[in-house]
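Residues per chain, in single letters:
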Amino acid sequence: VDPALAVSVKNRVRELRMARGWSQIDLAAQLKVSRQTVNAIENLRYDPSLPLALVIAKLLGHPVEAIFGEDL
Amino acid sequence: VTPIAASRWLKLAGILAAFAAASVASASVLVLGVGGPLPMAAKVPIALAPLLPAALIVPWVIGNFRLMDEMQVRHQLEAIVVAAVVSAFLAMGYALLEIAGFPRLPMSVVWCVMVGLWICAVWIQRWRFR
Numbered sequence: 001v002d003p004a005l006a007v008s009v010k011n012r013v014r015e016l017r018m019a020r021g022w023s024q025i026d027l028a029a030q031l032k033v034s035r036q037t038v039n040a041i042e043n044l045r046y047d048p049s050l051p052l053a054l055v056i057a058k059l060l061g062h063p064v065e066a067i068f069g070e071d072l
Numbered sequence: 001v002t003p004i005a006a007s008r009w010l011k012l013a014g015i016l017a018a019f020a021a022a023s024v025a026s027a028s029v030l031v032l033g034v035g036g037p038l039p040m041a042a043k044v045p046i047a048l049a050p051l052l053p054a055a056l057i058v059p060w061v062i063g064n065f066r067l068m069d070e071m072q073v074r075h076q077l078e079a080i081v082v083a084a085v086v087s088a089f090l091a092m093g094y095a096l097l098e099i100a101g102f103p104r105l106p107m108s109v110v111w112c113v114m115v116g117l118w119i120c121a122v123w124i125q126r127w128r129f130r
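Protein sequences appear in the order of chains A and B.
Letter 16 of the first sequence, counting from 1, is numbered 16 in this note's numbering, and no numbers are missing.
Letter 29 of the second sequence, counting from 1, is numbered 29 in this note's numbering, and no numbers are missing.
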């Protein structure tokens, strides 16, 4: 990616997960990923693929652009 | 440990036990001479016989990859790259030392070093993302 176009992706996964009273393990089980993956996504250490981001958005009940983006 | 993980490790144990049994049987015939002297045409398939159970490792490893999520697969691939590059560097370094008089090592040592590095790299990734 051209450095001029590079973006730093932030997300609201932790906030929305906690609003539902789910643990990282609960969300990981629904996504069929490891708890470490959920933790890495929440801590901005791993950007999920588009299909996984769409599943996260569906589970958390928000459009994907409301959960993942540059200006959150 | 989940039931799926337990059954997969049990399967690996079975494959390794079959490999060990085939290796012992093969070595008994070739090294200890059990059954008397053999022509070379018979020695080759007996020497390679342990590869048959060992080949089952391939679907086992691929199956393990398919059970992983996308971040775990990425970590595994990064670990394999690190292991391949570092073991290549070590192998080239030792080849230069052999010219200086160090003893020759069997080719299989490179593979053992690579697997060891792969395991270390995976554990480092797991520790970083625990």
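Quick caveat, the hints were computed from the structure, so don't treat them as lab data.
Note that the structure is a prediction, hence the values are computed from the model and not measured.
We treat Cβ as the ideally placed atom computed from N, Cα and C, and that holds for glycine.
Please note that the accuracy of each hint is not assured.
[Said to hold, decoys possible] Computed beta-carbon distance windows for the label pairs:
id: 1; chain 1: A; residue 1: ASP26; chain 2: B; residue 2: PHE65; range: 47 to 57 Å
id: 2; chain 1: B; residue 1: LEU77; chain 2: A; residue 2: ASP26; range: 25 to 35 Å
id: 3; chain 1: A; residue 1: LYS10; chain 2: B; residue 2: ALA95; range: 42 to 52 Å
id: 4; chain 1: B; residue 1: LEU48; chain 2: A; residue 2: GLY61; range: 41 to 51 Å
id: 5; chain 1: A; residue 1: GLU15; chain 2: B; residue 2: ALA95; range: 46 to 56 Å
id: 6; chain 1: A; residue 1: GLY61; chain 2: B; residue 2: LYS11; range: 33 to 43 Å
id: 7; chain 1: B; residue 1: ARG66; chain 2: A; residue 2: LEU59; range: 14 to 24 Å
id: 8; chain 1: B; residue 1: PHE102; chain 2: A; residue 2: MET18; range: 56 to 66 Å
id: 9; chain 1: A; residue 1: ARG45; chain 2: B; residue 2: SER7; range: 30 to 40 Å
How the hints compare with the structure:
{"no.": "1", "hint": "ASP26(A) - PHE65(B): 47 to 57 Å", "in the structure": "violated (26 Å)"}
{"no.": "2", "hint": "LEU77(B) - ASP26(A): 25 to 35 Å", "in the structure": "holds (28 Å)"}
{"no.": "3", "hint": "LYS10(A) - ALA95(B): 42 to 52 Å", "in the structure": "holds (48 Å)"}
{"no.": "4", "hint": "LEU48(B) - GLY61(A): 41 to 51 Å", "in the structure": "violated (58 Å)"}
{"no.": "5", "hint": "GLU15(A) - ALA95(B): 46 to 56 Å", "in the structure": "holds (55 Å)"}
{"no.": "6", "hint": "GLY61(A) - LYS11(B): 33 to 43 Å", "in the structure": "holds (40 Å)"}
{"no.": "7", "hint": "ARG66(B) - LEU59(A): 14 to 24 Å", "in the structure": "holds (22 Å)"}
{"no.": "8", "hint": "PHE102(B) - MET18(A): 56 to 66 Å", "in the structure": "holds (59 Å)"}
{"no.": "9", "hint": "ARG45(A) - SER7(B): 30 to 40 Å", "in the structure": "holds (31 Å)"}
Taken one by one, the earlier hints fail for this structure at numbers 1, 4, listed in ascending order.
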